[in-house]
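**Student:** Sequence:
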Amino acid sequence: MSVPVLLLEAAGPESLALARSAAATGLAVHAVTDAATRAAYPAELRELLAGTLVTDFAQPARARADITAYGRRIGARALLTVNEYLTDLAARCCADLGLPGNDPERACVARNKAVMAAAFEAAGVTSPRTMTVSNGDELQALLAAGHVVFPCVVKPSDGAGSSGVTVATNPQGLQQAWHCARAAEVMYGLARNERVLVQDHIPGREFSVESITQAGHTTHLCITRKHTTSGRHRVELGHSLPARLPPAAERALLEQADRAIAAVGVRNGATHTELIITPGGRVTVLEIGARLGAGHIGVLIQHALGIDPWRTLWDIALGRPVTRIPAPRGAATVRFLIAPHPGRLVSVAGLPEPSPTVPAAHVRAAVGARVGPATSNRGRLGHVIVTGDHPRTVDDQAEQLLKQITITVDEEEVP
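In our numbering, the protein residues as written are 1 to 415.
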């Protein structure tokens, strides 16, 4: 008899991979979503699901009651999400259902960056100096008092995927960044948190630490090197793993990731900790997500480490022992496609054919769609994944493939 499990939101590549993994291992997946998202579920996903609960995530208390009642009715043995916006709700529902999850009283810390900054400071996590403002007057007061140091990073407290994140280099840019953060969209019609963060800009190389925690014991799977744009907006253009670093740098990254994981109350599940190593070697934690890293990091882990992250997450959620984590066996990278300028997408030519070293090459933007500029991760048009035996070989092949891809975009008409 199939074991019933709950998946908070089945839309998206990581969630689809979780649904596929569950179905392949005899789990009966019941998705929890809202009406609009449910209507857009593709046929493959609909066929994988044993049931669907439609609720209103914009009403967290109502959604929590709906999920708990549904979970009890089907006898749910596990509850998971890889959706950034639902990690807090998932922790509270796990507690209600008596399932392995994260600390429900601290789960909001990983979702609200203002609360996260305070928690990091209290836990001794090295993180950027952060000031929180709720309105324009408070922002001006900080500026007038000389507390803002340029360049600085301005971000919404409840954003995701780099949406609304801006680097400001002067007072005028600070005002623009403030409005950008306030205008950032959140999913499911969730209530906006009005607070905006102003943080010191930390120069250096960006990394993330991919980890799993079970019953409070954390295992770090790998360190990921991040490729990002420079300038006003910081969009992730790629991820490469495992990163090869000097032992001292690796220890410093993992030590700070451990502190961040403890600070946000993660007890069961995956975490994605974003960090910077400055030119002087100082490690700073930018933020943490109580979920598996997005942007196809799970696929890279499969190819480079020989780990099935989807199966691992279900095992943790079910309270089953996680199999031994093998040593890295190779390397993998993903590179994202972005529009060269704003306009309407005409074509994407030169995309490589799938092969043993290029397991995926995909364009998600439709011809004729308005694209660019990429101001957040949502602005990416598609991706190419490359695998191999050595990080440098994989990165070199990915760069060569990107040079062969031509993205044609019609210029925007000026009114």
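FYI, nobody ran anything at the bench for these hints, they're computed from the structure. In this text, a Cβ means the ideal position worked out from N, Cα and C, and glycines have one as well. You may find that some hints are simply not true.
Cβ pair distances, simulated, as ranges [as the list claims (entries may be wrong)]:
# : residue 1 : residue 2 : range
1 : Gln404    : Thr169    : 46 to 52 angstroms
2 : Gln176    : Met1      : 56 to 62 angstroms
3 : Ser134    : Gly216    : 20 to 26 angstroms
4 : Arg320    : Gly124    : 31 to 37 angstroms
**Student:** With 56 to 62 angstroms as the target window, see if Gln176 and Met1 comply at their CB atoms.
**Tutor:** 58 angstroms Cβ-Cβ, so the 56 to 62 angstroms window holds.
**Student:** Is 46 to 52 angstroms right for how far apart the beta carbons of Gln404 and Thr169 are?
**Tutor:** Once the Cβ atoms are compared, 35 angstroms apart, the range 46 to 52 angstroms for Thr169 and Gln404 is violated.
**Student:** Is it true that the C-beta distance of Arg320 to Gly124 lies inside 31 to 37 angstroms, as the hint says?
**Tutor:** Given range 31 to 37 angstroms: holds, Cβ gap about 33 angstroms.
**Student:** Take the C-beta atom of Ser134 and the C-beta atom of Gly216, compute their distance, and say whether it sits inside 20 to 26 angstroms.
**Tutor:** 35 angstroms, violated
Of the hints listed earlier, those the structure fails to meet are numbers 1, 3, in rising order.
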